[in-house]
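Student: Since each chain comes alone in its own frame, lean on the hints to assemble the complex.
Top to bottom, those sequences are chains W and D.
The letter at position 292 of the first sequence is residue 292 when you use the UniProt record's numbering, and the numbering goes up by one with no holes.
The letter at position 313 of the second sequence is residue 313 when you use the UniProt record's numbering, and the numbering goes up by one with no holes.
No lab work stands behind these hints, which were simulated from the structure alone.
Each residue gets a CB set at the ideal place from its N, CA and C atoms; glycine is no exception.
Do not take every clue at face value.
[Said to hold, decoys possible] Stretch-level coverage of chain D by chain W, calculated; a stretch enters the list once three of its residues show a Cβ under 8 Å from a Cβ in chain W:
no.: 1; segment: 21-34
no.: 2; segment: 97-108
no.: 3; segment: 218-228
no.: 4; segment: 248-262
[Stated by the list, open to error] 25 Å max Cα-Cα, derived DMTMM-like pairs, lysine to aspartate or glutamate:
no.: 5; chain 1: W; residue 1: Lys-53; chain 2: W; residue 2: Asp-306
no.: 6; chain 1: D; residue 1: Lys-282; chain 2: W; residue 2: Glu-199
no.: 7; chain 1: W; residue 1: Lys-61; chain 2: D; residue 2: Asp-238
no.: 8; chain 1: W; residue 1: Lys-53; chain 2: D; residue 2: Asp-124
no.: 9; chain 1: W; residue 1: Lys-309; chain 2: D; residue 2: Glu-338
[Unchecked claim] Simulated DEER-style distance windows between Cβ atoms:
no.: 10; chain 1: D; residue 1: Glu-59; chain 2: W; residue 2: Pro-155; range: 48 to 54 Å
no.: 11; chain 1: D; residue 1: Glu-59; chain 2: W; residue 2: Ser-267; range: 55 to 61 Å
no.: 12; chain 1: W; residue 1: Gln-146; chain 2: D; residue 2: Lys-357; range: 55 to 61 Å
no.: 13; chain 1: D; residue 1: Glu-59; chain 2: W; residue 2: Lys-375; range: 37 to 43 Å
no.: 14; chain 1: D; residue 1: Asp-317; chain 2: W; residue 2: Asp-75; range: 40 to 46 Å
no.: 15; chain 1: W; residue 1: Gly-144; chain 2: D; residue 2: Gln-374; range: 48 to 54 Å
no.: 16; chain 1: W; residue 1: Asp-41; chain 2: D; residue 2: Thr-4; range: 46 to 52 Å
no.: 17; chain 1: D; residue 1: Asp-52; chain 2: W; residue 2: Gln-87; range: 38 to 44 Å
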Amino acid sequence: SSWWSHVEMGPPDPILGVTEAYKRDTNSKKMNLGVGAYRDDNGKPYVLNCVRKAEAMIASKKMDKEYLPIGGLADFTRASAELALGQNSEAFKSGRYVTVQGISGTGSLRIGANFLQRFFKASRDVYLPKPSWGNHTPIFRDAGMQLQAYRYYDPKTCSLDFSGAMDDISKIPEKSIILLHACAHNPTGVDPRQEQWKELAATVKKRNLLVYFDMAYQGFASGDINRDAWAVRYFIEQGVNIVLSQSFAKNMGLYGERAGAFTVICSDADEAKRVESQLKILIRPMYSNPPVNGARIASMILNTPDLRKEWLTEVKGMADRIISMRTQLVSNLKKEGSSHNWQHITDQIGMFCFTGLKPEQVERLIKEFSVYMTKDGRISVAGVTSGNVGYLAHAIHQVTK
Amino acid sequence: AYRTDEGQPWVLPVVKKVEQMIANDNSLNHEYLPILGLPEFRANASRIALGDDSPAIKEKRVGSVQSLGGTGALRIGAEFLRRWYNGNNNTATPVYVSAPSWENHNSVFMDAGFKDIRTYHYWDAAKRGLDLQGLLNDMENAPERSIFILHACAHNPTGTDPTPEQWKQIAGVMKRRSLFPFFDSAYQGFASGSLDKDAWAVRYFVSEGFELFCAQSFSKNFGLYNERVGNLTVVGKDADNVQRVLSQMEKIVRTTWSNPPSQGARIVATTLSSPQLFEEWKGNVKTMADRVLLMRSELRSRLEALGTPGTWNHITDQIGMFSFTGLNPKQVEYMVKEKHIYLMASGRINMCGLTTKNLDYVAKSIHEAVTKIQ
Numbered sequence: 001s002s003w004w005s006h007v008e009m010g011p012p013d014p015i016l017g018v019t020e021a022y023k024r025d026t027n028s029k030k031m032n033l034g035v036g037a038y039r040d041d042n043g044k045p046y047v048l049n050c051v052r053k054a055e056a057m058i059a060s061k062k063m064d065k066e067y068l069p070i071g072g073l074a075d076f077t078r079a080s081a082e083l084a085l086g087q088n089s090e091a092f093k094s095g096r097y098v099t100v101q102g103i104s105g106t107g108s109l110r111i112g113a114n115f116l117q118r119f120f121k122a123s124r125d126v127y128l129p130k131p132s133w134g135n136h137t138p139i140f141r142d143a144g145m146q147l148q149a150y151r152y153y154d155p156k157t158c159s160l161d162f163s164g165a166m167d168d169i170s171k172i173p174e175k176s177i178i179l180l181h182a183c184a185h186n187p188t189g190v191d192p193r194q195e196q197w198k199e200l201a202a203t204v205k206k207r208n209l210l211v212y213f214d215m216a217y218q219g220f221a222s223g224d225i226n227r228d229a230w231a232v233r234y235f236i237e238q239g240v241n242i243v244l245s246q247s248f249a250k251n252m253g254l255y256g257e258r259a260g261a262f263t264v265i266c267s268d269a270d271e272a273k274r275v276e277s278q279l280k281i282l283i284r285p286m287y288s289n290p291p292v293n294g295a296r297i298a299s300m301i302l303n304t305p306d307l308r309k310e311w312l313t314e315v316k317g318m319a320d321r322i323i324s325m326r327t328q329l330v331s332n333l334k335k336e337g338s339s340h341n342w343q344h345i346t347d348q349i350g351m352f353c354f355t356g357l358k359p360e361q362v363e364r365l366i367k368e369f370s371v372y373m374t375k376d377g378r379i380s381v382a383g384v385t386s387g388n389v390g391y392l393a394h395a396i397h398q399v400t401k
Numbered sequence: 001a002y003r004t005d006e007g008q009p010w011v012l013p014v015v016k017k018v019e020q021m022i023a024n025d026n027s028l029n030h031e032y033l034p035i036l037g038l039p040e041f042r043a044n045a046s047r048i049a050l051g052d053d054s055p056a057i058k059e060k061r062v063g064s065v066q067s068l069g070g071t072g073a074l075r076i077g078a079e080f081l082r083r084w085y086n087g088n089n090n091t092a093t094p095v096y097v098s099a100p101s102w103e104n105h106n107s108v109f110m111d112a113g114f115k116d117i118r119t120y121h122y123w124d125a126a127k128r129g130l131d132l133q134g135l136l137n138d139m140e141n142a143p144e145r146s147i148f149i150l151h152a153c154a155h156n157p158t159g160t161d162p163t164p165e166q167w168k169q170i171a172g173v174m175k176r177r178s179l180f181p182f183f184d185s186a187y188q189g190f191a192s193g194s195l196d197k198d199a200w201a202v203r204y205f206v207s208e209g210f211e212l213f214c215a216q217s218f219s220k221n222f223g224l225y226n227e228r229v230g231n232l233t234v235v236g237k238d239a240d241n242v243q244r245v246l247s248q249m250e251k252i253v254r255t256t257w258s259n260p261p262s263q264g265a266r267i268v269a270t271t272l273s274s275p276q277l278f279e280e281w282k283g284n285v286k287t288m289a290d291r292v293l294l295m296r297s298e299l300r301s302r303l304e305a306l307g308t309p310g311t312w313n314h315i316t317d318q319i320g321m322f323s324f325t326g327l328n329p330k331q332v333e334y335m336v337k338e339k340h341i342y343l344m345a346s347g348r349i350n351m352c353g354l355t356t357k358n359l360d361y362v363a364k365s366i367h368e369a370v371t372k373i374q
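Okay, chain D solo, but in the shape it has when bound (with noise of 0.2 Å):
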């Protein structure tokens, strides 16, 4: 979760000035949303991914599911494609999710019925950078009609994204072996503090006319972690198509959830409908996005004055909220237990744990761990 430079909590300004105009409207109640949600929610939600003009919405072959979190988004397309993508409840569709990934990913395509769970090839930790060649022959080497769960941007957990150029190859490769890409977005406007910028790679995936799933969360980018506001974008050849597909999607929603919880969606639908609101929330995701892109250049900038071995660059090529550092086990080890600082095994740090008050601190010790254990 994003923490302020007091390393406190952070409820956005908007938001509070939004729940205080939900809580003045004598006119709202608390019934029951639609099973599918709130429909102002659903379609500025879908808007912000595929972007204003885009022409899938003009096309009206986009649908919206209103769901609890991007978990629950994920869930609810997971049970969709294991009940009606190749075939009739084809459990042995292989899905591919990235070397590494959020762990929730493998918990949710199983529970959701898939037997089949592959990893693609995604961080090299050698170069600490992505291994483009390694994912991109697991595609060629993908059965045809594999899902795979592509991260949108902010790759959790090394924040390790690829280029426009990378992505293009990568559509390319999916479009021939016909494989489902289903998009993860959890950061968007989080990770460089453009919202157009951070939803490129969808976009380009709906331009070159894939149908597609997009797994929205709004836990990050509007700081309403525990009101659960998610959506699932789904992009389809035509209207017709995206309408049944909404139909069924309605059946696996109503025996998970039966319609979702009003209060976020209320709070976000508010915001994106209103000029002046959507304006103010740009400005907090900014100054989100700002803090930690700060914090990483202050980072990395300490650590290449201290001399610390090694390179540092990539505490800056990454993005949004995690960074693979390339610590070790035994490094991570010396962090927790003889500096206190706590990350990961995998050397994974939260970006928004590091302040201007601890910088100096942090990156002393990341220069103690490296020069002191191998």
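For reference, chain W alone in the conformation it holds in the complex (with noise of 0.2 Å):
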């Protein structure tokens, strides 16, 4: 007999799902919404040339594969630091935060978690936003935290429930942990106005939550940056010390290199210096120290003027896809005669959209027009084309007249 006859088959992967019944569809005009992965418009994976040009470059210096340190490649986790934070700004030039290397935006966040199980005694809660990315939940759960949420979508208006997540985070314990998206809000690609992250922030602060921002996303929301990290800076400017988790897997392309940060805003350097050591305490028995590949690319392209110029360039050429796929989506369903009212598909940013379509009229999309996504509604705006993006229209056209 075996060690593991009691051992449950785990739950299938939901997303992965969509993928393995879109990969046995033989529909020509079969369409892949589930991916959370950019495609450029020719629906092919795009390696971005500041990335190939970096790996030209790293590979001409020939260097070796000795251990990076546990905290990760310096220039990486510097510029990864700067490109959130802002050159010009304070908590950043006062050396006041530790920024570790992390596998990827997961990673990253895992860290985070454990940190925050180990040495904020004050809490044991995180609250997320009503609904959330997937795998924060179970992320937080295994970190031995526990799991609240606060209103954040409306489904209504497929859009943000501004007062319901005032009044729900007026009401949050004190000291209790809070995750916000920084920016294009996974899965609903709803995001607060300036405005309403101000006012998010003065409750943040009154209520003396400790803010953890998940920014997944910087430059591949808009297209700028600077625009894409405004919360996050927002909020450190008024004085609330937040800890951050960064991807570079979308904005870089580097999904399957596992190029990720997780920062810590502290009070001082000397703060910093202890916050790191407990952090790279964590980190060696997880998996001793970062795998190196992702983190040169990305230091190579953020450190050198040049690429980063050109990555700019290409990560805003994404955006702009993107942004374009959300307006002819919406400009086909008018044409196709559709009477609802489709503004909140060019409202939403980023790559997920919560299209508002109901779990029967995705079914339907899936078993008569191949067209794949998640039961919620949600879709991948990456996988859309300008090729497939009228029989889009038309598909959900025909499940919701």
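Tutor: Structure below.
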């Protein structure tokens, strides 16, 4: 008999299930709108030019493969912090921060979650927006934290339930942890406006909450890295010492290279050093030290003026294509004769869009039109191209008219 | 980390070649790997550990999880065991780590949630070898179902491995007492120069019908330290059990790093799946292993020629990157302060730090330390 007889089969990953079903489909018009990775207008993965150039430069340097420090590649972590905080940031210039390299967004979130579990004794509660990225909950749970929620998405308007959010957040027990999506909220694409961010910051300060920002789409949302980091920077300027997780999976297309960073804004440089020492103690028994490849590429890009300039152009190009697909989808829906209000499609931002479609409508889209998406009506706009946006509009109109 | 005779890091020639191939392959991109990793890497990595003709592989009862180095593989295995082994979420299951061991073993299992981490006798300082009787006694007395972390070869830090006969005894006790073998294999090929020889213990346990985990690292034998290439090999009773285990490990991976880094896995997969590159790699591995073996024999012969008090056969009896010299802390302090030779307070030296140029100096310094300091 086996030690593992009682081990249950784990539930299938819902998003993976979408891709699996898509692969099996033989319909030539099929569309995979579950994919959480950018696609070009031909529906193909896109390796950024600045990435290729950085890789060539790295190869020519013939570097060794010695272990990175536990906290990661210093040139990378410093550049990541500067990218998020802004070069004029007082927190950055004074050195009252620590940034460690993490295994993309997930790994950075997990390091932060473990750090809070060990050192944030005031509360076990992490408040997530409703809804949030599906993996947030198990990450914090596995780290030993408890999950709570605040209202965020209004399904009636397919936009932000701001009064609901403010109402809930103003009642969160003091010294709880609140997670905020810095930009391009996943899965809804609904972001607060700047005036709303200001009110959120004031409330969060009043409630004395620990703010955990998840920034996985800087540059990828609006096309402007400074605009996308506005909320993060504003909170810090308002005296909120945030913690922050960054991912370079989407904005540099470095998905499988796992480039990310976790940052703690501290009272002073001395505190930062002490925090850093504890982060390293958490990382070492997880994977010892981080993988070099993605960090080197990202560092080369961020720290080489020409490459950085090219990157900013390319990331804007990706964001612009997404925005253009949103616009085209709405105009095509109008052309189809749809009488519904589809404004939320262009109001929302980033890779994902909460269409507002109901599960039965989603099922019809999958079965009758081979348009694959998750049951919650979320589509990855990255999977839309000028070649298939017409078909998508047609299909959506058929199931909603 | 390995060093050449010039004291430099060494990127394996086969690795340079394969990296160039990868760079030139325009069909490759940076998309996410599956959660459990690159399929060609996983299958090849486990095949390396268990052998081409492994009955377990033939019977499809082997699973693999690509991990962030050996550490990552240990952690995923530990997290799974804490959740699913010996009941559900049984944090009280004793975990036994050798005395001494790599210090991170303790932390990995502690952070995975285990509350009862113990040591088992291993190093006999008096005779400078394996304390087999102490080890077997600890296993006899360990609660049934305890987890034992075993070093597959090139024990870190002592360099002292059980002989095949001793492994057989160990396996016998473990089977009788229902103890769980968790192998840490960080030096396959790097220890003796032979992949098969260095995997003998793991394969023996498999042939004895054990269900086991083996955390593999490709940091040293591929020189891919900073790419974080590792693999957790899972051997179970049958395919169905292994499938369920893997599905739960997938959940653990998803909240730890989501999916593993692609570069290092591609290098290893490409190398292992090409007969020509595979031979080239084995040659590179043997180069490293041979240099270390040479340094061992050269150091020993110098100490014996100098007439340094004590016996020095342990230098060549031991295997792998590290050697427990037997120097005491005071002697070590002398080495560090007076001779500027850096070694651990435990007397552990990294054999890779020895070169033809510094052998004489090191031997003389050890001689001085042993004769001047008691």
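Student: Against the structure shown, which of the earlier numbered hints fail to hold, in ascending order?
Tutor: Hints 6, 7, 8, 9, 17 not satisfied by this model.
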